[in-house]
Amino acid sequence: MATVSPSTGATTPAEATRTGRFGPYGGQFVPETLMPALAELIDAYDVARHDPAFTATYDTLARDFIGRPTPLYHATKLTAHAGGAQVYFKREDLAHTGAHKINNALGQGLLARRMGKDRIIAETGAGQHGVATATVCAMLGLECIVYMGEEDVHRQAPNVFRMKLLGAEVRPVKSGSRTLKDAINEAIRDWVTNVNETFYIIGSVVGPHPYPTMVRDFQSVIGRETREQSLAQIGRLPDAVIACVGGGSNAMGIFHPFHDDPSVRLIGVEAGGDGVSTGRHAAPLSAGRPGVLHGALSYLMQDGDGQVIETHSISAGLDYPGVGPEHSWYKDSGRATYVAVDDASALAGFELLCQTEGIIPALETAHAIAYAAEYAASRPSSEIIVVNCSGRGDKDLSTVATRLGVTL
Amino acid sequence: MNKQPAQHQSRIGATLARHREAGTMALVGWQTIGFPTIESSRTLVPALIDGGFDLIELGVPFSDPQADGTTIQRASFEALRQGATLSIALDTVRTLRSDGVTAPLIFMSYYNPILSRGLERFAIDASAAGVDGLIVPDLPAEESDDLIDALDRVGIDTIFLVAPTTPEPRLRAIAARARGFIYCVSLTGVTGARQELPTDLPEYLARVRSFTNLPLAVGFGVSRPEHVASLRGIADAAIVASAIIDRMEHTRPETHVQELRSFAKSLRNAADGVS
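From first to last, the protein sequence lines are chains A and B.
Each step along the first sequence adds one to the number in my numbering, with nothing skipped, and position 230 is 230.
Each step along the second sequence adds one to the number in my numbering, with nothing skipped, and position 192 is 192.
Same shape as in the complex, but just chain B (with noise of 0.2 Å):
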């Protein structure tokens, strides 16, 4: 059982603390590495949190991507035919940070290319290249244990997700294990982006909130400044994915980082209320 570092704060944990002391909701933005090529990043990564976001996932682009919708699954093909890979991750990671970004950076990643690296040796050079936790969809609880110790070992925060159909004594056992945040995945599918988020999301977050005191960041359909906004006071934070990715599918690729600047700001403004 790993229970949770006791005086744990990364820099994860210290920005959704911040913003849970200001009363502000944080966002998460999303990037696939090697989408729309392997440099790209560089420039968008920035452009997203210049226009608002807080704390950036970066996904890992794998073959067989079975909890992702057509949209992502498309971005991930694109990248590992530009020939993005998990070193090529990490690569990118120290570039960021030699370019001064200070946000937090979140590796999501399916378990096997983090599995063929090895774990240790996964944790080891994450760390060094300055990510700050570590999203695996398709790997739970149960099957967690020699991950989290390779991750606490070197402060990675192990980020787990919870899930609609998620009964209370999983979410008890999740929480138990969970750092950084929870990742509540808003409804029952892959990700993508909605039209509208269900209906019963507060109910489910409260649920999950009577079992943890750490922040709660919801994804999966979140796409819309509307569906941002609805989501202040009841969530942390608001993750955004798949709607970046169709952005830039939309636009030309020399328009990619006043587009992302622009459409990051219209949802800070959702989530600070401002119209």
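So that you can see chain A by itself, here it is in the shape it has in the complex (with noise of 0.2 Å):
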């Protein structure tokens, strides 16, 4: 850096890798401690993803190790219980590990170990992304240590339980609302105290530049993937993409190479929580306004002093005040459309899925379940829809069983 210039924001996606700015959204908006790290980590990882041999090792540990490619499965019956569109479920749910989260960890760990960092930190909300890391650190053989908030600690369990079997560290956070939020926040300390040896993975399309950018280019395979099959399977493009949104990493993985596609609508899923108009829920898009965040500037749940405000969703995965800044600019633009999902609805659709289909769905996932299920019987059986099916729900069985008073 030898000038410091403004920030501009970008007009495409391509000039958004570049600058960090997606329109106004983005940014760094860190300790000036962390500055120097985030410029190391913008030219390691421009280098690694212009260089053949990085992207071939990551090509065949995602064929060979994540199983890609997943599949993209016609839904037949749940297509028929809706009784409008085709729906299809792009498979995330069967990558190991059981979610998408995977196909980013593992980019990050690759780039981690090829900038000669060993020592992994790693925040998680529902526990996927914690052991997704916690999974590739153990076969990179690096450090792992992951920041959860002690309230997911307690309804994520068996997650939690993953990581420690897997190697891993795992250090619950007792501050503020005790969720992925200030899982985030300690994550951010650990690595101001520790950043010469230290390799951050976030886990999803939030955090300083080049996060978001990064994030959603590892994400981008299963976007790429579903193109590809739609095309070989069906002989056209979607209609309608549809994926649940918390920070937003398997929405912007699974929309960012439709992003060129006019006629294929993106519809990204908030967690409605106790309902939007109760106030008591996490979706940023559908009723917050912009503020910054965890390095960065994008819609945000706050009060009127600018301070964040405490976020309510069955899912641990989607219970956050923020969410990635280019889905801020796909709001904006009207890219995507955004609408939240509550509680009770996710637990229907939850249901509705294991029942039509033979698949526990993670209940994040299950938001965008329910509101595809809605959206289908409103289109026509001409269209298609692809739900990005982003988790298996064994994660959440305690929580689902609780909610339904049962005891296991």
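Here are the in silico distance ranges between beta carbons for each label pair:
1. A:Arg63 to B:Arg153: 55 to 63 Å
2. A:Lys174 to B:Arg153: 39 to 47 Å
3. A:Asn194 to B:Arg74: 19 to 27 Å
It is worth saying that the hints were derived from the structure and are not from the lab.
On a predicted model such as this, the values are computed, not experimentally measured, just so you know.
No residue lacks a Cβ here, since even glycine has one placed at the ideal position from N, Cα and C.
Two chains, two frames, some hints: make the complex.
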């Protein structure tokens, strides 16, 4: 950085990759201590992503370790149930560790190893990113520390145990609301303290530049496969792509390769909690306003004084007051539409998928399923809808049982 | 590019210049607005000044203080519980000024409360209340143009931090837009009292010094008289924050005025080389 110049907004995804600005959103709002580390990461990632050896290693492990490509599955029973458009699932729940998170964890893990950083930190909400990161670290021989809100440690106990089995250290975070947002705060503090030897594997398309673009790039494998599979299996592009949005990595991963296909409607589903009108939700794109949290300007749930407010969702992975800056840009530009599905509807979507298709989805994914069923019912049978089935629901069984009044 | 105003001599600049001319070191103290109560800074800020602090940093509490260690985090969360906000921080400054406090008062706020209020509106309100400077720990130089413009128009110093990790090209760029003083973060880490300061501080401060004539103030971990004494001759000011909150947490509220005044005196003596 020879001179400091004001950040300017990008107008295309390619330009955003360089500047870290999606329209007005994004940026690098972090302590000065981290700025050189971000510059180092930008350079290292830029070299790596143009290095055929790096991409070949990633592609091989994506195939042999993650199990890619994941299938595009025609959900005929759910389609019949909805009685409208054809519903397809992109089966990220079949990826190793049971969710899309591994796509990004593998990419960043390989980058960390390439940069010679052998101490990995990560945050996790539902535990899926923590498990994915712990898995990649075990495979690559890297030290792994995962910050997890104390509340999430309790509601996602199976994933805590999985991380420990994989050799990771799980550090419960007791500050603030003791959920994902506080886990990120604590991970940032760790990074500030140990920046020279530590690589922070952020799990969503959030955080300071280059994370939102880097995570999007690693997750874009979902959308690229979906696009190819759609053309090969159906003979055309889908009419709509639907995904749940917390930080928004599974959604951006499947949306991004369709950005320049204007016929493909992109729909993000936020967590409506008790209902957006109650204020007890986790839907910043539906009911927030732009603000700065965790290194980026984006839609944010905040009060009139600029304090971040507590979120509410049945799903730990969506229980986050912010959202990736590229989603804010998609919202303002109208490229994507964002809706909210409340806890009760998500639970109904969860049960619907179990019973119609024999798939137990993650509670995060259940939000997208619930909206997709409703949306499909309103569209003609000639239309194609792809839902990102972003994760499996084993981790959520105790939460669902409690909600249904069942004692396990 | 925001060049420094040519003849800018703020209250912060004047205070630090006076110390430089006298060959003494200035002390920057700390209060978190709203900790332990909304009213407490009205008596504790004067106690700190009375004991020997020259400038006071006022922490505006934020829900997500990512650059702060556990001490300031606790104070910040308690302050929010007490109902402290940016508006209340502005009220506090107005009250202190009407009580006759003339020392430079500097806000430390994360960016979102400022952004939420609006940069222009914040600048006007802060200037009217009597705020002299603003430190935003999550706003690096690259993102600061709009804020600097707004604060320059009302004569409030935008104060930047540099860290041990900051490379020379960045030091040059930060120095070019810094006002008031340069906040030199002593160590690679978050705020909080430490047993010892890093041993390579002299080399680090000399590196920063080679890029600026602005006063250098050292903070993060500076918590004991011997830390302050060790900064004599290499820094223009020592910033003590978490150690003040630690004192308050370990003593009863009714003794805070006395505790902080005597702590300030011990640091003042260390700064002056009086044993």
